[in-house]
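Peer 1: Heads up: the sequence lines are chains A and B, in that order.
If you read the first sequence in full-length UniProt numbering, its first letter stands for residue 1, the second for the next number, and so on.
If you read the second sequence in full-length UniProt numbering, its first letter stands for residue 1, the second for the next number, and so on.
Note that these hints are calculated values from the structure, not bench results.
Built from N, CA and C at the ideal position, the CB exists for glycine as well.
Hints may be right or wrong, so weigh each one.
[What the hints assert, rightly or not] Which residues of chain B face chain A? A partial, calculated answer using Cβ under 10 Å:
hint	residue
1	Phe23
2	Asp138
3	Leu167
4	Ala168
5	His171
[Claimed, not checked] Heads up, simulated DMTMM-like pairs for lysine to aspartate or glutamate below, C-alpha to C-alpha not over 20 Å straight-line:
hint	chain 1	residue 1	chain 2	residue 2
6	B	Lys117	B	Glu87
7	A	Lys139	B	Glu87
8	A	Lys45	A	Glu118
9	B	Lys80	B	Glu115
10	A	Lys45	A	Asp117
11	B	Lys80	B	Glu35
12	B	Lys80	B	Glu107
13	B	Lys117	B	Glu141
14	B	Lys212	A	Glu86
15	A	Lys139	B	Glu204
16	A	Lys139	B	Glu61
17	B	Lys53	B	Glu115
18	B	Lys117	A	Glu86
19	A	Lys139	B	Glu127
20	A	Lys139	B	Glu107
21	A	Lys139	B	Glu115
22	A	Lys45	A	Glu70
23	B	Lys53	B	Asp30
24	A	Lys139	A	Glu110
25	B	Lys53	B	Asp4
26	B	Lys117	B	Glu184
27	B	Lys212	B	Asp169
28	B	Lys80	B	Asp52
29	B	Lys80	B	Glu56
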Amino acid sequence: MHLAQLNVAHLREPLDSPALADFLAALGPIYQVSDAAPGFVWRMKEGDEPTDLIQHDYGPMLVVNLSVWESRETLWNFIYRSAHLEVMRRRRQWFHRIAEPYTVMWWVPEGHLPPLDEAMARLDLLRTQGPGPEAFTFKDFYDSSAAACLPAAAEVTK
Amino acid sequence: MTSDDLESISVLGDPVRRALYRFVAEQGRDVGRNEAAEATGVQRTLAAHHLDKLVEAGLLEAGFRRLSGRAGPGGGRPAKVYRRVREERAVSLPPRDYRTLALVLAETVDLLGGEEKAEEAARRAGERLAAADAASGDLMEVLRARGYEPYEEDGRVRLRNCPFHVLADSHPLLVCSMNLALCEGLLAGLGETGVAATLDPRPEECCVAFSKPSKNNVD
């Protein structure tokens with residue numbers, strides 16, 4: 001099984017405002033790090049430019065990122081033990097603080113590239129039901145063995 | 001404190017073991033028996049005996065690796081190698097539990113959205129700590145004394161050990177940001193104006209690195 005992660009962030013200002021220039025400039029270098037990171041499998045892309053953010057129907061102020069990794073450790077090392085950490089430290093300059101969970105993880109069969117509606121449904125699940133084997137966080141993590149016996153996983157592997 | 005922790009630490013009562021443990025810990029990589037014996041000036045068999053005692057006590061972990069760097073036939077037999085266990089051992093008499101309280105406080109900062117205040121407080125704490133350690137006045141000395149285990153690489157100072165490991169694991173963004181602020185406070189307190197602390201994390205190490213080593217005392 002591979003580990004999928006979605007995170008969403010609510011912009012303080014529209015993407016084309018000067019306040020977001022640093023954020024957009026940081027995307028290229030960070031994607032270089034992520035795409036070359038050990039354990040990186042896939043990330044959803046809208047276009048060839050790093051600033052081509054994923055298009056969606058959840059409003060113009062929501063930025064989403066969706067990626068798949070080989071393991072908890074490889075995803076952790078990218079998020080917290082790479083140049084990504086410094087960019088994340090500056091997130092308040094660009095994004096609102098939100099009280100509900102803004103990131104979710106779940107296990108997917110190898111080769112499955114989750115569509116955005118699947119990812120948003122997992123985030124919704126985490127927000128409404130709390131962490132479980134189908135939608136969880138680093139703090140409340142569930143092993144792939146717990147997810148493997150879920151009906152949803154069996155459905156996709158058929 | 002658990003009785004396991006006390007037993008593990010009591011194994012270090014022997015000066016040879018203490019020297020071996022310190023040597024392996026300082027290398028930050030796999031260390032072979034020969035190398036450890038040479039560095040501490042004891043015979044190889046004695047070093048091997050003590051290294052294995054340290055493994056039994058859970059202070060080091062052992063593995064097998066070809067030290068020649070060559071694989072396949074002719075690469076030699078894999079040698080037994082040692083490295084420090086990451087998990088910390090703590091003994092406090094009388095028992096104290098700062099870890100649980102620190103975890104609760106970190107969660108409170110998260111709930112209140114108080115990251116900026118926490119960073120400001122960490123910066124002030126760094127300044128105070130530097131003032132208390134000002135006797136040496138040297139960045140490397142202060143970092144060593146604070147358990148960061150600094151080492152030089154490519155003209156920068158990196159830190160092998162995260163003194164806040166458990167908290168950095170549970171609240172990485174908050175704790176690494178506070179650690180950076182604390183290190184900036186140390187620099188300010190020492191008057192090290194030509195040195196910059198930056199977040200430059202790597203797996204298994206501390207998240208902070210310094211732009212250039214202190215003037216006179218880099219080893």
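Peer 1: Could you work out which earlier hints the structure fails to respect and list their numbers in ascending sequence?
Peer 2: 1, 2, 3, 6, 9, 12, 13, 16, 17, 19, 24 and 27
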